[in-house]
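Given next are the chains, with one letter for each unit.
There are 2 protein chains.
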Amino acid sequence: MPNQILDAHTSDPKVMGWMEGLPPPAAKRLHWAQADHMRFPTHRYAYSNMREFLPTARVSRGKGLVRELPMALRNDLDSVLFKTLDDGRSMTWAESFAANFTDAMLVLHKGVIVYERYFGVTRPDSTHIAFSVTKSFVGTLAEMLVTEGKLDPAAPVGDLIPELKRSGFADATLRQVLDMTTALDFSEEYTDPNSGIGAMSNALGLTPRAPGYAGPTDVYEFLPTIGKAGEHGERFTYRTCNTEVLGWLVARTEGKRLDTVLSERIWSPLGMEQDADFLIDSSGMPFAGGGLNPVLRDMARFGEMMRQNGTANGCQVVPSAALESIRAGASKEAFAKAGYTYLPDASYRSQWWIMPGNHGAFSARGIHGQAIYVDPVAEVTIARFASHPVAANGALDPTSLPAFRAIAEHLLKG
Amino acid sequence: MPNQILDAHTSDPKVMGWMEGLPPPAAKRLHWAQADHMRFPTHRYAYSNMREFLPTARVSRGKGLVRELPMALRNDLDSVLFKTLDDGRSMTWAESFAANFTDAMLVLHKGVIVYERYFGVTRPDSTHIAFSVTKSFVGTLAEMLVTEGKLDPAAPVGDLIPELKRSGFADATLRQVLDMTTALDFSEEYTDPNSGIGAMSNALGLTPRAPGYAGPTDVYEFLPTIGKAGEHGERFTYRTCNTEVLGWLVARTEGKRLDTVLSERIWSPLGMEQDADFLIDSSGMPFAGGGLNPVLRDMARFGEMMRQNGTANGCQVVPSAALESIRAGASKEAFAKAGYTYLPDASYRSQWWIMPGNHGAFSARGIHGQAIYVDPVAEVTIARFASHPVAANGALDPTSLPAFRAIAEHLLKG
Numbered sequence: 001m002p003n004q005i006l007d008a009h010t011s012d013p014k015v016m017g018w019m020e021g022l023p024p025p026a027a028k029r030l031h032w033a034q035a036d037h038m039r040f041p042t043h044r045y046a047y048s049n050m051r052e053f054l055p056t057a058r059v060s061r062g063k064g065l066v067r068e069l070p071m072a073l074r075n076d077l078d079s080v081l082f083k084t085l086d087d088g089r090s091m092t093w094a095e096s097f098a099a100n101f102t103d104a105m106l107v108l109h110k111g112v113i114v115y116e117r118y119f120g121v122t123r124p125d126s127t128h129i130a131f132s133v134t135k136s137f138v139g140t141l142a143e144m145l146v147t148e149g150k151l152d153p154a155a156p157v158g159d160l161i162p163e164l165k166r167s168g169f170a171d172a173t174l175r176q177v178l179d180m181t182t183a184l185d186f187s188e189e190y191t192d193p194n195s196g197i198g199a200m201s202n203a204l205g206l207t208p209r210a211p212g213y214a215g216p217t218d219v220y221e222f223l224p225t226i227g228k229a230g231e232h233g234e235r236f237t238y239r240t241c242n243t244e245v246l247g248w249l250v251a252r253t254e255g256k257r258l259d260t261v262l263s264e265r266i267w268s269p270l271g272m273e274q275d276a277d278f279l280i281d282s283s284g285m286p287f288a289g290g291g292l293n294p295v296l297r298d299m300a301r302f303g304e305m306m307r308q309n310g311t312a313n314g315c316q317v318v319p320s321a322a323l324e325s326i327r328a329g330a331s332k333e334a335f336a337k338a339g340y341t342y343l344p345d346a347s348y349r350s351q352w353w354i355m356p357g358n359h360g361a362f363s364a365r366g367i368h369g370q371a372i373y374v375d376p377v378a379e380v381t382i383a384r385f386a387s388h389p390v391a392a393n394g395a396l397d398p399t400s401l402p403a404f405r406a407i408a409e410h411l412l413k414g
Numbered sequence: 415m416p417n418q419i420l421d422a423h424t425s426d427p428k429v430m431g432w433m434e435g436l437p438p439p440a441a442k443r444l445h446w447a448q449a450d451h452m453r454f455p456t457h458r459y460a461y462s463n464m465r466e467f468l469p470t471a472r473v474s475r476g477k478g479l480v481r482e483l484p485m486a487l488r489n490d491l492d493s494v495l496f497k498t499l500d501d502g503r504s505m506t507w508a509e510s511f512a513a514n515f516t517d518a519m520l521v522l523h524k525g526v527i528v529y530e531r532y533f534g535v536t537r538p539d540s541t542h543i544a545f546s547v548t549k550s551f552v553g554t555l556a557e558m559l560v561t562e563g564k565l566d567p568a569a570p571v572g573d574l575i576p577e578l579k580r581s582g583f584a585d586a587t588l589r590q591v592l593d594m595t596t597a598l599d600f601s602e603e604y605t606d607p608n609s610g611i612g613a614m615s616n617a618l619g620l621t622p623r624a625p626g627y628a629g630p631t632d633v634y635e636f637l638p639t640i641g642k643a644g645e646h647g648e649r650f651t652y653r654t655c656n657t658e659v660l661g662w663l664v665a666r667t668e669g670k671r672l673d674t675v676l677s678e679r680i681w682s683p684l685g686m687e688q689d690a691d692f693l694i695d696s697s698g699m700p701f702a703g704g705g706l707n708p709v710l711r712d713m714a715r716f717g718e719m720m721r722q723n724g725t726a727n728g729c730q731v732v733p734s735a736a737l738e739s740i741r742a743g744a745s746k747e748a749f750a751k752a753g754y755t756y757l758p759d760a761s762y763r764s765q766w767w768i769m770p771g772n773h774g775a776f777s778a779r780g781i782h783g784q785a786i787y788v789d790p791v792a793e794v795t796i797a798r799f800a801s802h803p804v805a806a807n808g809a810l811d812p813t814s815l816p817a818f819r820a821i822a823e824h825l826l827k828g
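In order, the protein sequence lines correspond to chains G and B. Under our numbering, the first residue of the first sequence is numbered 1, with each subsequent residue one higher. Under our numbering, the first residue of the second sequence is numbered 415, with each subsequent residue one higher.
The hints are simulated quantities; they were obtained by calculation from the structure and are not laboratory data. We put the beta carbon where it would ideally sit given N, CA and C, even for glycine. Be aware that a few hints might be false.
Listed next, the in silico DSS-like pairs over lysine-lysine satisfying Cα-Cα at most 30 Å (straight line) [what the hints assert, rightly or not]:
(1) B:K428 <-> G:K63
(2) B:K477 <-> B:K579
(3) B:K579 <-> B:K564
(4) B:K497 <-> G:K63
(5) B:K428 <-> G:K256
(6) B:K497 <-> B:K524
(7) B:K524 <-> B:K477
(8) B:K477 <-> G:K14
(9) G:K63 <-> B:K477
(10) B:K564 <-> G:K110
(11) G:K256 <-> B:K442
(12) G:K28 <-> B:K670
Partner residues aside, some chain G positions facing chain B, computed with beta carbon under 8 Å [claimed, not checked]:
(13) V15
(14) P23
(15) P55
Model the full assembly from the supplied sequences, consistent with the hints where possible.
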């Protein structure tokens with residue numbers, strides 16, 4: 001099937017009929033062994049059904065009451081105009097959904113749902129893979145432990161995790177891991193199965209292994225194999241393996257699995273409306289860099305808590321010091337060296353993207369279009385699931401970042 | 415490890431430390447490829463964590479309120495005495511837990527929790543595999559569709575499911591499938607990988623396939639391969655494949671996946687407190703004969719609704735006609751031919767075990783000790799999870815059936 005001719009409508013998983021029928025016909029099946037769950041267009045079905053393809057841990061919401069999000073939908077957002085960052089075309093908010101292969105979109109203004117849409121097979125109660133948005137949850141947990149004095153951001157990773165003493169992480173500080181200024185022999189090239197991220201996916205069991213595979217079979221075995229390349233602390237380089245180290249560190253510090261820590265510290269206190277699914281490896285370790293599958297509203301609840309300085313319904317869920325540390329951002333110079341065309345004057349702090357502009361906006365970003373976008377000045381939180389064909393935010397930024405900004409500006413006006 | 419010397423205490427998964435540690439040491443790992451999730455003693459950990467080893471669908475409880483079970487715990491049950499069915503020893507209720515490798519036990523009397531215990535790694539919020547207790551959920555759904563006139567119990571399966579026209583099921587009636595009086599070339603020998611149930615587990619992906627496996631890869635492919643052996647309708651023979659046919663039939667009749675039907679018809683209306691996990695094959699079809707993983711209280715809620723003639727908190731969840739059909743039982747003569755030593759004067763109706771005695775008791779039974787036991791006269795509902803080493807109810811019945819009866823009699827007295 002020539003993927004390049006499929007647009008958001010023709011690749012809609014409902015239109016495609018993936019896995020529909022009792023039984024689904026052969027041509028409509030997804031095959032794990034062919035990694036259909038991880039490639040376009042079949043991934044448009046799989047991203048909303050990951051637990052049906054892979055082992056998952058439950059991130060429990062507990063038994064407390066759901067903290068309902070008030071709703072006052074607005075019709076005026078659809079026609080909000082913006083200019084695309086690449087070719088300067090005019091595009092409306094509503095048009096941007098197809099451009100970005102959007103699966104679900106939610107906008108909170110002052111804590112109220114003003115916009116909510118679901119596409120394809122994604123429903124309000126569908127857990128959807130958040131990919132690297134997961135990192136911002138893990139980074140926030142790590143910052144909480146720093147605030148509580150349980151973790152020293154200046155400590156070298158080799159001291160914190162002895163198993164990494166002979167790896168490239170050994171002399172990197174926790175702060176450098178948090179801010180991804182480590183210098184490692186690990187390439188984040190999603191389309192290359194021989195890249196660092198490809199090897200890690202294989203080690204974690206997220207993608208099918210070749211016959212006779214003899215490599216690492218969990219993240220604990222994989223991380224020590226990563227070498228150093230260059231000097232830590234000099235520049236931002238986005239590498240998912242940093243977050244796996246953080247996940248390990250959070251779990252070991254708390255003496256509990258990462259999914260349990262996330263449940264106790266975030267999912268339960270925020271009054272999430274659904275349990276989340278967390279992809280795990282054969283050791284039971286969640287895929288900290290990209291394996292969380294929440295429902296959209298719960299992802300928005302997390303962003304909204306971050307906007308509200310760590311509070312949710314009157315409770316301080318994340319200490320304000322942790323929030324301040326994140327929102328202060330990191331070195332823009334270090335970030336600029338990474339060459340993100342659409343993110344001038346930005347930085348990356350504690351697994352969050354600190355965005356350009358004078359609104360203090362910050363964002364959690366996952367490949368294929370997963371996003372939390374928080375604009376504190378406009379009092380706006382946006383959450384999006386998507387299943388874009390291309391595994392790079394650069395493919396979506398031109399039609400996403402100006403859209404998010406335009407919506408924030410529009411709501412700021414009233 | 416010589417399994418035979420491990421008792422319930424020495425095989426306690428907490429004592430064994432399975433999967434504990436960050437990372438868990440090699441000796442404490444469970445390996446899917448070695449089917450550790452399906453054998454003693456490692457299964458004592460896995461049964462409470464199946465979604466971490468296998469793909470699962472979510473059976474959603476929806477967003478309604480939990481229908482809380484009132485609680486008034488009683489201390490007097492532990493010392494209730496009974497005589498074991500095999501050697502006539504005296505044993506207390508409390509002693510029976512170790513004898514049965516019990517993971518969790520709950521007793522409802524008049525709808526009130528009077529007893530609730532959790533052992534090993536099993537907690538109140540742990541989903542635990544229910545094995546063939548699943549069948550009673552599916553049989554109840556099928557009886558509901560019969561009551562609604564959507565399914566004719568006298569119809570031959572070959573007419574209801576054309577794909578089974580050339581299989582051994584073709585000229586069996588739906589009633590014969592419901593009551594397992596079909597005559598099929600399918601052996602239910604759990605310890606033999608070449609048995610019917612072994613081949614089916616392999617087809618469904620529940621157990622690792624041998625290299626070069628070229629057999630069926632889902633239940634839809636597997637069921638048509640089952641031939642006929644003898645004449646339908648003459649005797650009860652317990653064969654899980656019957657329930658897979660029912661699962662297919664329920665799904666096709668409703669035009670929805672079985673997990674969705676179960677969610678809409680049972681999980682949501684009963685006000686269950688947790689979502690359940692349902693093991694699925696590569697086609698997305700739940701393992702109707704044994705793949706449901708509920709929490710204990712939700713399994714008890716289902717039994718309690720059955721005790722209360724299909725009602726729960728004032729709502730008729732299952733039509734009374736369906737209840738009457740089940741509780742009336744089936745042919746005791748057909749059942750007797752199966753030779754269950756510990757179940758004289760019993761029968762099997764619509765995937766429920768209709769128990770001996772004058773209390774009209776009925777039960778859902780799953781290998782390794784999963785059970786719902788309902789005694790309408792004593793107004794008692796018992797729910798149990800277990801991980802007994804032996805995959806046969808005969809191994810547990812001598813220390814379970816008289817224990818359930820003794821508790822019912824004890825509570826009946828006041």
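Comparing the hints with the structure gives:
no.	hint	verdict
1	B:K428 <-> G:K63	holds (24 Å)
2	B:K477 <-> B:K579	violated (41 Å)
3	B:K579 <-> B:K564	holds (20 Å)
4	B:K497 <-> G:K63	violated (39 Å)
5	B:K428 <-> G:K256	holds (15 Å)
6	B:K497 <-> B:K524	holds (25 Å)
7	B:K524 <-> B:K477	holds (27 Å)
8	B:K477 <-> G:K14	holds (24 Å)
9	G:K63 <-> B:K477	holds (12 Å)
10	B:K564 <-> G:K110	violated (49 Å)
11	G:K256 <-> B:K442	holds (16 Å)
12	G:K28 <-> B:K670	holds (16 Å)
13	V15	violated (18 Å)
14	P23	holds (4 Å)
15	P55	holds (5 Å)
When each numbered hint is compared with the structure, violations occur for hints 2, 4, 10, 13.
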